[in-house]
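Enquirer: Here is how the chains run, residue by residue.
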Amino acid sequence: MTEYLLILVSTVFVNNIVMVKILGLCPFMGVSKKLEAAVGMGAATTFVLTLGSGASYLIQHYLLGPDLAYLTTLSFIVVIAGIVQFTEMVVQKTSPALYQVLGIYLPLITTNCAVLGIPLLNVQAKHDFMESLLFGFGGALGFTLVMVLFAGIRERLEGADVPGIFKGSAIAMVTAGLMSLAFMGFSGLVK
Amino acid sequence: MIAALLVMIGIAVFLGAVLGFSAIKFKVQGNPLVDKIDAVLPQTQCGQCGYPGCKPYAEAIAKGEAEINKCPPGGEEGIRKLADLLGKEFIPFGEGAAPKAKSVAFIDENICIGCTLCIQACPVDAIAGAAKQMHTIIASECTGCELCIAPCPVDCISMLPIGEDITNWKWRYPVFPIRATI
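So the protein sequences, as listed, match chains E and U.
Quick note: the first sequence uses this note's numbering, first residue 1, plus one each step.
Quick note: the second sequence uses this note's numbering, first residue 1, plus one each step.
Simulated from the structure, these hints should not be mistaken for lab results.
This structure is a prediction, so every number in the text was calculated from the model and none was measured.
Ideal placement from N, C-alpha and C gives every residue a C-beta, glycine not left out.
Do not take every clue at face value.
[Unchecked claim] Derived Cβ-Cβ restraints for the label pairs, each shown as a range:
#1 U:E109 - E:K93: 51 to 57 Å
#2 U:L33 - E:A182: 49 to 55 Å
#3 U:R172 - E:K167: 40 to 46 Å
#4 E:L120 - U:G64: 50 to 56 Å
#5 U:G20 - E:I104: 21 to 27 Å
#6 E:A125 - U:I2: 28 to 34 Å
#7 U:M8 - E:G177: 39 to 45 Å
[To be verified] Selected chain E positions facing chain U (Cβ under 8 Å, derived; list incomplete):
#8 L63
#9 L68
#10 V78
#11 G82
#12 Q85
One chain only, chain U, in its complex shape:
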């Protein structure tokens, strides 16, 4: 009994030592900057920046291939954080990239033909439905990325701005207009 325990503990300790050593020896030098940038990005994976997701965009920023003002879901706040992180100047959103009023997609169910193309396009699985069945957007899951609008063959998806009501109102972030006083 004792021998069995000792043998198993011995094996475990030996393997642990080998693995611990090789974890240091074979450590993968990931780019820490990419991870930091990725942490600032909103992780909606919407692709509005022109990259297939937040991580590829973060990699492009880290390489210096992309500007920091291409992430509408992050808002101006996001650009400010990225500018702070990278020691760059704040640049406003480019033409057409500015964040629109927060909105959710809406499917006109009279027109929908149930082709499932929008379901495949949705990055957050916010569309319920099946082939030849009417589709519906789960409003609470929708990030408003607009990726479902382009594939729809019958143009039955529209973006509805979310009005502010008692269920989704929240305090604004405080804004200190420092520049304005100069």
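Bound conformation, chain E alone:
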């Protein structure tokens, strides 16, 4: 049990997928202008990532095995694309407003490298099924946490008196760098 808790804490804070592993920066910069959109994106990515890491564990373990290991990346991409399509349909049905807000970034979850990165890291770390699921879920939680924090900061930056040359993306990049530095402070939290 503690092991599972450790995985969660480690993926959310210590090895945060965005701030420490620097994966999934496209939605991180793209959908973080509004808090609601960031929360929605986080929720959609959490769904895709958890399902994706579970499904890719099953494929890797039962379908591919060591003989067909060279198909890992290919089959993961296919499965993730399928799951993203499925998520898109569900979101469109259940929450048309969120569908409008997420716009192009929803299908772009397919090419979110965090979503492919975590299943591949799972394979590398030889996680079992439960660990893979938790690793995916934790990674997505970390992603959501960072998205929400960053969106909050950016919403406040809108009202701040930023020097002319730093306006817009520049100050967002600086903020992201500072956040990444802050997350470095978590290293050593879990041995």
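Once you have looked at the hints, place chain U on chain E.
Expert: Just chain U now, with coordinates in the frame of chain E:
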């Protein structure tokens, strides 16, 4: 090799089945009437109807919030088509909404101060120019929606009616005056 192929085909078929099933299960019931009305509207997105574009106007018509005679670019022909589609009576254009002679906007380049306000207003990107540079209307792209006239601070935009010449003349739609014979 065969195993690899089979595995990939298997994954593809399985995902295809799941997606196909969920496409039916999670089908979004768009309002088909809105799409039909939208198809009749001329898609100039000019906003002369008072709505931000053709689709919002179509939605308003479908809800019964808007009359069908508010689309000058569609002309009377457009109103007739909408009336047919919705089973309503033909109503003529209201005061001031009647289509004017087809015209294009023209910028008086001596007065233009290059403020770019008209460029931002143009729904079809028919105005070329940059900040503090003179602007010019690309006549072949201009839909004559007049949206650029209001924002211009120096009133240098005027509407020039397009005369008919050999390059833009076309056959008139045939009109059968049925009512007139009664």
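Enquirer: Please go over all the hints and tell whether each is borne out by the structure.
Expert: Cross-check of the supplied hints:
1. U:E109 - E:K93: 51 to 57 Å: holds, 53 Å
2. U:L33 - E:A182: 49 to 55 Å: Cβ of U:L33 to Cβ of E:A182: about 53 Å, so the range 49 to 55 Å holds.
3. U:R172 - E:K167: 40 to 46 Å: Once the Cβ atoms are compared, 55 Å apart, the range 40 to 46 Å for E:K167 and U:R172 is violated.
4. E:L120 - U:G64: 50 to 56 Å: holds, 54 Å
5. U:G20 - E:I104: 21 to 27 Å: holds, 24 Å
6. E:A125 - U:I2: 28 to 34 Å: holds, 31 Å
7. U:M8 - E:G177: 39 to 45 Å: With Cβ atoms ~41 Å apart, the hint holds.
8. L63: Check passed: Cβ of E:L63 comes within 6 Å of chain U, closer than 8 Å.
9. L68: holds, 6 Å
10. V78: holds, 6 Å
11. G82: Cβ of E:G82 sits 4 Å from chain U, so the hint holds.
12. Q85: With Cβ-Cβ at 6 Å, under 8 Å, it holds.
When held up to the earlier numbered hints, the structure conflicts with hint 3 and nothing else.
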